[in-house]
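Engineer: Spelled out from the first residue to the last, the chains are:
2 protein chains.
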Amino acid sequence: MKSAKPYIEKNKDRFIDELIELLKIPSISADSAYKKDVLKTADAVKDQLKKAGCDKVEICETPGYPIVYGEKLIDKNLPTILVYGHYDVQPPDPLNLWVNPPFEPTIKKTKTHPEGAIFARGSCDDKGQMYMHVKALEYMTETDQLPCNVKFMIEGEEEVGSSSLEWFVSKNREKLANDVILISDTGMIAPDTPSITTGLRGLSYVEVEVTGPNRDLHSGLYGGAVANPINVLTKMIASLHDEDNHITIPGFYDDVENLSKEERAKMAEAPFNLENYEKSIGINSVYGEKGYSTNERNSIRPTLDVNGIWGGYIGEGAKTVIASSAFAKISMRLVPNQDWKKITELFKNHFESIAPKGVTVKVTPHHGGQAYVTPIDSLGYKAAEKAYEETFGKTPIPQRSGGSIPIVALFEKELKSKTILMGFGLDSDAIHSPNEHFGIWNYLKGIETIPQFYHFFTEMSK
Amino acid sequence: MKSAKPYIEKNKDRFIDELIELLKIPSISADSAYKKDVLKTADAVKDQLKKAGCDKVEICETPGYPIVYGEKLIDKNLPTILVYGHYDVQPPDPLNLWVNPPFEPTIKKTKTHPEGAIFARGSCDDKGQMYMHVKALEYMTETDQLPCNVKFMIEGEEEVGSSSLEWFVSKNREKLANDVILISDTGMIAPDTPSITTGLRGLSYVEVEVTGPNRDLHSGLYGGAVANPINVLTKMIASLHDEDNHITIPGFYDDVENLSKEERAKMAEAPFNLENYEKSIGINSVYGEKGYSTNERNSIRPTLDVNGIWGGYIGEGAKTVIASSAFAKISMRLVPNQDWKKITELFKNHFESIAPKGVTVKVTPHHGGQAYVTPIDSLGYKAAEKAYEETFGKTPIPQRSGGSIPIVALFEKELKSKTILMGFGLDSDAIHSPNEHFGIWNYLKGIETIPQFYHFFTEMSK
Chain A
1 MKSAKPYIEK NKDRFIDELI ELLKIPSISA DSAYKKDVLK TADAVKDQLK KAGCDKVEIC
61 ETPGYPIVYG EKLIDKNLPT ILVYGHYDVQ PPDPLNLWVN PPFEPTIKKT KTHPEGAIFA
121 RGSCDDKGQM YMHVKALEYM TETDQLPCNV KFMIEGEEEV GSSSLEWFVS KNREKLANDV
181 ILISDTGMIA PDTPSITTGL RGLSYVEVEV TGPNRDLHSG LYGGAVANPI NVLTKMIASL
241 HDEDNHITIP GFYDDVENLS KEERAKMAEA PFNLENYEKS IGINSVYGEK GYSTNERNSI
301 RPTLDVNGIW GGYIGEGAKT VIASSAFAKI SMRLVPNQDW KKITELFKNH FESIAPKGVT
361 VKVTPHHGGQ AYVTPIDSLG YKAAEKAYEE TFGKTPIPQR SGGSIPIVAL FEKELKSKTI
421 LMGFGLDSDA IHSPNEHFGI WNYLKGIETI PQFYHFFTEM SK
Chain R
1 MKSAKPYIEK NKDRFIDELI ELLKIPSISA DSAYKKDVLK TADAVKDQLK KAGCDKVEIC
61 ETPGYPIVYG EKLIDKNLPT ILVYGHYDVQ PPDPLNLWVN PPFEPTIKKT KTHPEGAIFA
121 RGSCDDKGQM YMHVKALEYM TETDQLPCNV KFMIEGEEEV GSSSLEWFVS KNREKLANDV
181 ILISDTGMIA PDTPSITTGL RGLSYVEVEV TGPNRDLHSG LYGGAVANPI NVLTKMIASL
241 HDEDNHITIP GFYDDVENLS KEERAKMAEA PFNLENYEKS IGINSVYGEK GYSTNERNSI
301 RPTLDVNGIW GGYIGEGAKT VIASSAFAKI SMRLVPNQDW KKITELFKNH FESIAPKGVT
361 VKVTPHHGGQ AYVTPIDSLG YKAAEKAYEE TFGKTPIPQR SGGSIPIVAL FEKELKSKTI
421 LMGFGLDSDA IHSPNEHFGI WNYLKGIETI PQFYHFFTEM SK
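For the record, the sequence lines run as chains A and R. Following full-length UniProt numbering from start to finish, the first sequence increments by one per residue and tops out at 462. Following full-length UniProt numbering from start to finish, the second sequence increments by one per residue and tops out at 462.
Hints may contain errors.
If several chains are the same, the list does not tell them apart, and a pair holds so long as it fits within one copy or across any two.
Claimed, not checked - Straight-line distance between alpha carbons at most 27 Å, and here's what the computed BS3-like set of lysine-lysine pairs gives:
1) K111 - K5
2) K362 - K279
3) K394 - K445
4) K348 - K111
5) K111 - K382
6) K279 - K357
7) K418 - K357
8) K51 - K175
9) K445 - K418
10) K51 - K36
11) K24 - K341
12) K175 - K12
13) K290 - K357
Everything labelled a hint here was simulated from the structure, so no lab data went into it.
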């Protein structure tokens, strides 16, 4: 496979402009107010897949948002790569913290991205990384170098739990049949340190509601005499961690895989600078489960975080009220062997059991997914390794990520193939945060590296 | 003083219509978006005081919302009654819980109010109760029975801490000189059980902010490795009460007056039905400080309640984010001898001291006020007692209220006169809550009783 560099050099302005057009559409799957935009994005992806050389492209309806499917099958005796990505994005709030509006993409140079980065919601997660694959296909088809078959499955519900994907995959095993699944929805350790994500955490996301009196009460007349749902909720949530920051839900750790001294020692070798880490997010100290390093806490250990909390008067000024109800959104990141459905059940039972008299508690599971670990001796992993060596001149480091792509475990179960996670984003790209961005260098480097994966995977499959 | 009954009978439809007009104006002092409406309400009150017979009425500017002052001075040798009330109201949210819009007054019959009640924000607190005094004056002037001098001071910042009132009172001691202060901004035990409030709790209202990372973070990539401001906030708030629901702030109880066995026994005699109390607010059990009864918990004991909490993603669906900051509004109800400024300081120091590494904490005092207890052997109390006996045929019960009218303590300090709290609302009137209402019977009964107070107070002053 010839280097894509010259082709990219010639077309990079167009590659950037096309991505910017995609980023302008606010495809926020969590908020039904943006339904039209989510659907519009699916159509845009369909058109681009067609232009990039797919012979067949379709919008596949699901119980939720549609899945865009595309394929270019050149020879049934050649291997098939299934590319997965998503066209939906996280909600952009808090809006006031964005320097430029989240859906008005802006290119700015930063210390980490001297060639410039595209600032916009979804630029890195995942429109930008998904679109690298579309442009990589364009390169291979335009230069008649596509070495194997390729299928695309781009969904629109990843940020809300991919609830329709399981339904779709189980109904389309034949159509989606492949030899390896390729995903770019993770990060790399540093611009000069390519890495392949070998582990992902699972997820259980729930919403809780604590209700006391049947109406808001005057805090003077009733204060101290009735259970205040907000005070109660804070007590209940606080009790979910002990003083060592272990999670107190009975049975929560039962299935957690414990890594060997050797494995933990190997992990500790990955480049990591605590001072820079703290500085990059503006904290004076890290914080977490006793007995584990920062890298372990956010990769091989399960966690419980409140993602949102609300209740009572949150407007300007003061209101002396005892709220009738208080709410929180809570997510647990899980590690291999922990079953998200079992953990969700454990949480529900425990949380309801610790409610004091005077309140009622409701726990509503949102969504979840299993954790995943991929072997580093698979054909796909070896091909990815060679691809990076070709374009970065360095062997990528295998890395456990703290994030979750719940569908990876699903793919292995339903499609019986391994997933390779080739991520080109950086932790500092602020995905899920205000001012999310994606380095133009990273974007183009991805387009350059992906065709090499196609090449080596096909070669090694012979 | 002749009974006002016939006059009220003849004019009650107009009395009700006038109040409804006043209730239509959303005078929400906590929200600057309603500034025009707050000012419009002040003008409306001014006009009504004039119509009711005041010789002099004026809108007195202050650093905040204006104070409406009115007076009718008939003879400097006769006693002077100063009537205090407020024309501002609490914010109406949560709006979705209102059966009728909060500023579209609606009359409906209820079990407690067979003659009907006016449903609207401010109907009871305090537009309705304040307006009883305006109509009582109208009766006395129209029938040439006003027995003494009267002054009105109606403010527009009571629901946000009366911040301008201290400034105004200290600058106008002469103008406001009086022999007794009369306020209707409290409740009565039951429609058939008149009561006079002899004690009020003080208040300290603060807002807290816990900040961790300098931006929202992806809960997968950072979860477990950095302090989550919401989790930390819940831990900090939870720690403010121990397992017996005592408040844990060092020094918080130092100045709390401890009532004697006798006093507590006397309190216990007040009519109270726990089952009805629980049923009226839809709870299966009361909850509070160990060692005290429900009536004690919300009157003679200090309390700490979270009035609002927010942070992270509180929209529809799920967002896997670690918020940069979390917030809460917290109010403490105080009892006689506790100084609200000292308590605010104690809270601030303690709350900042319990912040873990990895977060910064900001405590912003909102406002506060001192607690108050009035003697039951004062001239004013005795006059009020006789007034109730005249119109209810019953001797009113002295009652400690859990609520706060911070300015009562201020009046005694600045104007050297006692305040008499003649309340005609009911606990079930849902003040500060959705569907606040005020019974028409209570409204008219107040208009009937107030002139009798004027009569007896003047008689007994001779």
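Engineer: Each hint should be assessed against the structure and marked as holding or not.
Structural biologist: Hint-by-hint comparison with the structure:
no., hint, in the structure
1, K111 - K5, "within (24 Å within a copy, 81 Å between copies)"
2, K362 - K279, "between (39 Å within a copy, 21 Å between copies)"
3, K394 - K445, "within (13 Å within a copy, 88 Å between copies)"
4, K348 - K111, "neither (45 Å within a copy, 39 Å between copies)"
5, K111 - K382, "neither (32 Å within a copy, 78 Å between copies)"
6, K279 - K357, "between (44 Å within a copy, 15 Å between copies)"
7, K418 - K357, "neither (50 Å within a copy, 41 Å between copies)"
8, K51 - K175, "within (21 Å within a copy, 83 Å between copies)"
9, K445 - K418, "within (23 Å within a copy, 80 Å between copies)"
10, K51 - K36, "within (23 Å within a copy, 58 Å between copies)"
11, K24 - K341, "neither (36 Å within a copy, 52 Å between copies)"
12, K175 - K12, "neither (33 Å within a copy, 79 Å between copies)"
13, K290 - K357, "between (33 Å within a copy, 14 Å between copies)"
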